[in-house]
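Chains as they are written, first to last, in full-length UniProt numbering: chain A, 1 to 458; chain B, 1 to 458.
These are calculated hints, taken from the structure and not from any lab test. Among the hints, a few may not be true.
Where chains are identical, the list cannot tell them apart; a pair therefore holds if satisfied intra-copy or between any two copies.
Straight-line C-alpha distance at most 16 Å; calculated EDC-like pairs for lysine to aspartate or glutamate [stated by the list, open to error]:
#, residue 1, residue 2
1, LYS289, ASP265
2, LYS47, ASP351
3, LYS422, GLU76
4, LYS7, GLU24
5, LYS228, GLU6
Residues per chain are reported as follows:
2 protein chains.
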Amino acid sequence: MQELNEKEQLQLEVEQLIQALEDENIDTFRTLFLEIHPYERAKFYSKLSSDARMHLYRFLSPTEMAEVFENLEIEENEYEDFLSEMDPTFVADMLSQMYADDAVDVLNELNKDQVASYLTIMDDEAAGEIKQLLHYEEYTAGSIMTTEYVAIHSNQTVKSAMYILKREAPQAETIYYVYVIDEEKHLAGVISLRDLIVTDDDTMVSEIMGDRVVSVSVSEDQEEVARKMKDYNLLAVPVIDFQNHLLGIITVDDIIDVMDEEASDDYSKLAGISDVDSVDKSPISAAKKRLPWLVILLFLGMLNASLIGHFEGTLEKVAILAVFIPLIGGMSGNTGTQALAVVVRGIATGDFEDENKFLLLMREAVTGAINGLICGILVIGVVFIWKGDFFLGLLVGISIFVTLIVATLAGAFVPLIMHKLKVDPAVASGPFITTINDLISIIIYFGLASLFMSYLIH
Amino acid sequence: MQELNEKEQLQLEVEQLIQALEDENIDTFRTLFLEIHPYERAKFYSKLSSDARMHLYRFLSPTEMAEVFENLEIEENEYEDFLSEMDPTFVADMLSQMYADDAVDVLNELNKDQVASYLTIMDDEAAGEIKQLLHYEEYTAGSIMTTEYVAIHSNQTVKSAMYILKREAPQAETIYYVYVIDEEKHLAGVISLRDLIVTDDDTMVSEIMGDRVVSVSVSEDQEEVARKMKDYNLLAVPVIDFQNHLLGIITVDDIIDVMDEEASDDYSKLAGISDVDSVDKSPISAAKKRLPWLVILLFLGMLNASLIGHFEGTLEKVAILAVFIPLIGGMSGNTGTQALAVVVRGIATGDFEDENKFLLLMREAVTGAINGLICGILVIGVVFIWKGDFFLGLLVGISIFVTLIVATLAGAFVPLIMHKLKVDPAVASGPFITTINDLISIIIYFGLASLFMSYLIH
């Protein structure tokens with residue numbers, strides 16, 4: 001009930017807002033709009049028609065629009081269109097009012113000329129901060145950090161630290177951690193606001209600060225940053241360069257987005273699809289995202305077919321062999337996908353970092369052998385009961401046993417090699433491994449069949 | 001460099017800690033141990049031998065052990081062993097010192113008798129809180145919330161609110177949001193600590209509190225809670241019952257764990273494996289996690305084989321048909337997995353909530369048709385060039401076209417139906433859909449082949 005009412009109320013407000021926009025009723029619109037949560041404002045804005053948005057820009061200040069854009073979730077290619085509807089100086093004002101990291105996210109979706117022209121008309125301080133952040137490579141700590149943090153010195157009292165904190169609060173992205181730096185901006189310590197407010201005013205910062213600060217390097221991978229923040233339960237983490245200078249901070253809300261992004265990225269790749277998460281508005285855009293993989297796999301499948309083609313003579317003599325091709329191929333594909341998933345996740349979570357890779361592969365081979373043995377024995381039994389042909393059962397069973405070992409090894413080996421070559425191991429998608437293992441299974445199956453041939457022809 | 005030094009230092013400290021434990025050097029141990037981050041303490045503890053842990057318990061207070069257990073990441077079945085090493089009153093003390101939600105997480109891994117006996121010897125207040133939380137169903141907001149929040153009334157001044165905040169800070173799990181309640185504990189508003197500290201002391205709470213509080217219902221799914229906190233960028237969210245009573249809060253660190261859990265759960269299921277994330281120490285435990293799926297898929301594959309068996313006569317006449325079985329099966333499996341992944345993610349992120357499910361299926365069918373048409377034409381060309389047989393190419397091409405439509409539909413339909421039936425749609429794993437689609441593709445391929453028969457026999 002609660003949930004429904006909440007939703008209904010929001011729906012009602014959205015209708016009132018649209019009405020106010022159409023009626024050009026600025027006061028009603030502003031009162032209502034500024035009352036709802038920034039996330040709702042951004043959602044409302046993103047769903048408007050272009051015409052309605054043009055009205056809205058006249059009703060809101062650049063600062064108010066900045067909050068909308070900080071919460072906006074639209075497709076990458078839409079930013080250019082949305083910004084082009086506004087006056088360039090309005091955009092520049094808006095960008096300089098946004099948190100630097102969010103402004104950088106927006107600018108990263110534009111072409112270089114547009115970025116340069118907005119930066120030119122922006123106020124110098126904001127432009128300087130943004131220019132610095134634009135330099136960092138995508139997916140690194142630098143690319144998601146912000147420069148709006150609160151810093152103090154260790155020879156201050158808690159009282160003066162609180163004074164600085166209150167002064168900086170309106171600009172800072174978080175005030176829940178305060179970073180202690182020395183004269184050269186080296187990171188020296190950290191204090192949580194929690195510690196500050198429960199400590200006596202006259203206490204020196206140096207007495208209560210933690211001097212073992214968990215920090216990340218500016219070039220560190222964003223997934224690594226997320227892992228650290230998760231492990232250490234941090235609401236923000238300082239970003240430093242190799243000389244321990246404090247460059248910025250990364251807040252937990254950005255890390256939640258990173259985690260979401262990385263998880264859906266791994267998921268997409270396992271499913272063999274370019275991006276599972278942007279909603280497809282048309283079948284054409286959906287087809288576009290899936291077709292590249294399908295075509296690659298089609299040609300791999302053709303390779304597979306030509307391989308079986310070599311055994312056409314064998315198949316003409318013993319047609320029943322064809323019956324078990326999908327079973328063996330399927331089992332090798334499934335077991336390969338399982339091994340792949342375990343290894344890709346293990347690499348992502350860092351669980352394999354200290355492990356001997358050779359031992360890891362051996363463990364996978366033994367795992368494949370155990371599963372192969374059990375499945376193989378099951379198959380021998382079932383085929384014997386079903387077809388009454390012990391040698392056929394033995395052939396299929398042994399094939400399953402051998403392919404499961406090889407397929408498990410392949411599923412583990414491919415991502416490990418990719419990781420070694422500094423390629424994202426998740427690129428070795430499930431369908432890719434499945435199709436490769438299909439190939440391997442055919443070679444094993446028909447190879448064994450050729451050996452058994454005299455037993456199979458009755 | 002930085003990273004390496006940090007790691008080396010930690011390694012050194014771990015060695016010193018172990019040495020201090022062995023030498024029973026309590027002072028050295030405590031100084032060093034309490035200096036490292038609670039996460040490092042928990043990691044150190046979890047890697048100790050049982051003997052070493054027995055030493056450690058004598059060196060630390062229940063309160064200090066509580067912090068270790070709050071940060072502990074061990075296998076579910078290990079909790080019982082670890083706790084059984086300690087004195088029961090020590091365990092009870094420790095549990096009552098932990099945040100209630102973390103204590104509940106530990107107790108949930110024990111059997112009912114053990115839980116009851118610990119609760120009996122625990123102090124009444126902590127036992128009461130924990131008992132309440134133990135009632136909530138797994139995966140709901142109630143099961144991950146904690147009762148340690150700060151609440152104030154609206155007719156207070158900021159000064160008195162800050163006074164309460166400082167008093168409650170040591171117990172509260174977060175003090176960065178303060179919740180405003182009325183006499184009957186109805187949730188009336190929220191203030192961030194940020195707002196409190198920048199506001200004049202004499203201001204009334206009612207003037208600055210936000211009265212549109214984003215909250216979650218106690219029975220809401222934890223994934224839903226995570227989505228809300230992500231969308232609204234919250235560090236904590238209040239949990240209410242259907243009458244708007246404040247029951248507890250959920251903090252962002254718990255939500256990060258939920259997101260991680262849910263993502264790896266979806267990933268595991270797509271790969272057809274029970275749990276991709278716990279590291280396998282032996283091939284036997286690895287095989288155990290993967291075998292159930294493999295055996296199910298083996299029997300589905302057998303069904304598939306028996307289906308092809310019906311066409312043995314056809315195969316004897318036209319052996320070349322067998323060559324394309326894996327290609328067609330593989331393509332249908334791949335496209336089905338893609339559709340499955342898109343729909344499972346769409347359901348998880350709530351993107352399909354307002355959408356007409358029939359239109360969604362239609363869109364998938366058209367997507368399948370577009371991909372099928374392109375892949376089908378490619379196949380006709382390749383087979384014609386390769387085998388010089390136009391009718392064979394046409395048969396395989398049309399089969400690809402039809403199977404891609406049906407397989408895409410199946411991939412989308414199965415998770416939608418499961419969601420409708422309130423089953424987690426991710427249960428329809430990739431390998432499952434792949435194997436089902438294998439079956440479908442065989443029927444289509446051999447069905448069409450029977451129609452084309454006269455053209456195929458030369």
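Status of the hints after comparison with the structure:
1. For the identical chains of this complex, LYS289 and ASP265 are intra-copy neighbours only, at 13 Å inside a copy versus 24 Å across copies, given an alpha-carbon limit of 16 Å.
2. For the identical chains of this complex, LYS47 and ASP351 are inter-copy neighbours only, at 14 Å across copies versus 42 Å inside a copy, given an alpha-carbon limit of 16 Å.
3. For a Cα distance limit of 16 Å, the shortest separation of LYS422 from GLU76 qualifies neither inside one copy, at 26 Å, nor across copies, at 34 Å.
4. Proximity of LYS7 to GLU24 under the C-alpha cut-off of 16 Å is found in neither arrangement, the shortest distances being 26 Å within a copy and 61 Å between copies.
5. Proximity of LYS228 and GLU6 under a CA criterion of 16 Å is satisfied inter-copy only: 13 Å between copies versus 36 Å inside one chain copy.
Going through the hint list in order, the structure does not satisfy hints 3, 4.
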